[in-house]
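Chains as they are written, first to last, in this note's numbering: chain A, 1 to 251; chain B, 252 to 408.
Accuracy of the hints is not assured; some may be wrong.
Some chain B residues well away from chain A (every beta-carbon gap over 10 Å; in silico) [to be verified]:
1. 299
2. 350
3. 362
4. 369
FRET-style restraints, in silico, Cβ to Cβ [to be verified]:
5. 267(B) to 11(A): 20 to 28 Å
6. 384(B) to 11(A): 45 to 53 Å
7. 26(A) to 273(B): 40 to 48 Å
8. 264(B) to 155(A): 20 to 28 Å
From the derived model, a few chain B residues whose C-beta atoms are all more than 12 Å from chain A [said to hold, decoys possible]:
9. 309
10. 316
11. 318
12. 361
13. 389
Hint data in this document are derived by calculation from the structure and do not stem from the laboratory.
Where a beta carbon is used, it is the ideal one built from N, C-alpha and C, also for glycine.
What follows is each chain in one-letter form.
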Amino acid sequence: MARRWQWFHRLGSPPGFYRASGYWLPWLAVAAALLLGVGLVWGLVYAPPDARQGNSFRIIYIHVPVSFLALAGYYVMAVAGAVHLIWRMKLADMVMTAAAPLGAALTFVALFSGAVWGKPTWGTYWVWDARITSMLVLLFLYLGVVALRQGFSNQEAAGRACAVLALVGTVNIPIIYKSVDWWYSLHQPATIRLTAAPSMHPDMFKPLLVMILGLYVFYALVLILNTRAEILARERRTGWVRELAMGRNQD
Amino acid sequence: MHPLRKRRLLVVVFILVVSSIGVALATYALRQNMNLFYTPSQVAADTVPGDVRIRVGGMVVRGSLTRTPGDLGVSFRLTDGNDELLVHYTGILPDLFGEGEAAVAAGYLRSGRTLEADQVLAKHDENYTPPEVADAMKTGHAARAARDAGAQGSSAP
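Taking the hints into account, I'd like the entire structure generated from these sequences.
In C-alpha cells, the structure reads:
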C-alpha cells in the first residue's frame, strides 16, 4: 500500500514535482505548438466561411477554446484549493496560485474576442446578458484570488482564504455554462454539446476540435511553468533550490 | 481517513453546498431580471412595465420589414410564435439582421402595442454552415417545394 503511493508523494513534494515536470515541458511545448499551429492555419485559412457571417465567424477558433479553458481552469484552481484545505499540501497551494492569473488572462481573451465578434454580428460590443455578465463575474473571481493572495503577509492564511474564495466561486461555472439555456440571452446556445452532434459543418468543426485540444495542452504547459516559478520563489531559501542555482552557474 | 482531514473535507463540502443554495435562491428570485428581453407574448399579456426602457426579442416575421423612403426609418414585426409586436426603428440595422432571423429591439412601448426602438441587435443562432452547403440546402428545399406543388397540381383534377 505504502509502496504504491510512493510516486504520488514524490510528485507531490515541490522538488519532486520540479524535477519531474522538467522532463514533461519539451513534449508539452512541441504538442501545443503543433496543435495550435495546425488548428490556426486550418481554421483561419482552409475552413470554409460561414454562409451568413462570412469570415467573422473564424473568431470562434480563438473564442471557444479560450472560453473552455477559462471555465475548466477554474475547476483546476478550485480543486487545488480544496486539496490544500483538506491535506495542507504545499504543491496544491502553488498550483492554485499559478492558475489564478492564467485563468484571468484566458477569461479576458474570451470576453475581448467575444466583444470584437459581437460588433459585426449583433451590432454591439457589449450587452448585459446572462452569459456575458456571468463571464465578467468569473474574471472578477480570478482577479479576486490574485488580489487576496497579495493581501496577506502570511502565506498559510493567504492559501486558506484563496481556497475558500475559489470554492465559493465554483457556483458560477455551471451558471455560465447553462445561462444561455436557462434565460433569454443574446448569446447563442452551445454549438458543441455532449449529448448531440455539433450544429456545425464538419469542415468547420474539425479545426475547432484541434484548437480546443491544443489549448488544453497549452494550458497544461503554462500552468506547469507558472507552478515551477512559484515553487522556486517560495523555496528559494531551501537547500535544493540553492544547489540547483549553483549547478546552473557552474555550467 | 484521518479525523482532522475528514472534518476539513466536511468544511469544503459545506462551503460548496451553502454557496450553491444561496446563489440558486438569489438567481431564482431574480429570474425575470436574468432574461435579456421580454417576448411579444409577455408584451401582449401586459406583464411588462410600460414607462421604462425594455428589450423585446423574437423572430422577425417574414415579409414584415418595411422601410420609410427618404430616411433610415424601418418597421418590422417580432414574433415568438404566439403573438407579434410591431417595432419602429430609425438607424442602421446590424449586417446579420434579416427576415426570418432572431433580433432583439430595445426602446419604449407606445400605446401598449408598438415598440419605439432606439437599438436593434441581431441574434445569431448556434448553427454554422459553409455558403455552398447553405445554397445546396436552399435549392434542395425549393426543388422539393416545386415537386410537391407539381404533384398536388397533377393530382387535383
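Going down the list of hints, with the structure as the test:
1. Non-interface call for residue 299(B) relative to chain A: holds, since the shortest CB-CB distance, roughly 13 Å, exceeds 10 Å.
2. For residue 350(B), the condition that its CB be more than 10 Å from all CB atoms of chain A holds, with the nearest at approximately 13 Å.
3. For residue 362(B), the shortest C-beta to C-beta distance to chain A comes to about 24 Å, beyond the 10 Å cut-off, and the non-interface label holds.
4. The beta carbon of residue 369(B) sits about 12 Å from the closest Cβ of chain A, which is more than 10 Å, so the claim that it is off the interface holds.
5. Take residue 267(B) and residue 11(A): their Cβ atoms lie about 26 Å apart, and the range 20 to 28 Å holds.
6. One distance hint, 45 to 53 Å for the beta-carbon pair residue 384(B) and residue 11(A), holds here, with the actual separation near 49 Å.
7. Taking 40 to 48 Å as the suggested C-beta distance range, the pair residue 26(A) and residue 273(B) conforms, at roughly 46 Å.
8. For the pair residue 264(B) and residue 155(A), the supplied restraint of 20 to 28 Å holds, since their beta-carbon distance comes to about 25 Å.
9. Against chain A, the non-interface label of residue 309(B) is violated: not every CB pair exceeds 12 Å, the least being about 10 Å.
10. Remark: the non-interface label on residue 316(B) is consistent with the geometry, its nearest Cβ contact in chain A lying 16 Å away (cut-off 12 Å).
11. No Cβ of chain A approaches the Cβ of residue 318(B) within 12 Å, the least distance being about 17 Å, so the stated non-interface status holds.
12. No Cβ of chain A approaches the Cβ of residue 361(B) within 12 Å, the least distance being about 22 Å, so the stated non-interface status holds.
13. With a least beta-carbon separation of about 9 Å from chain A, residue 389(B) fails to lie farther than 12 Å from that chain, contradicting its non-interface assignment.
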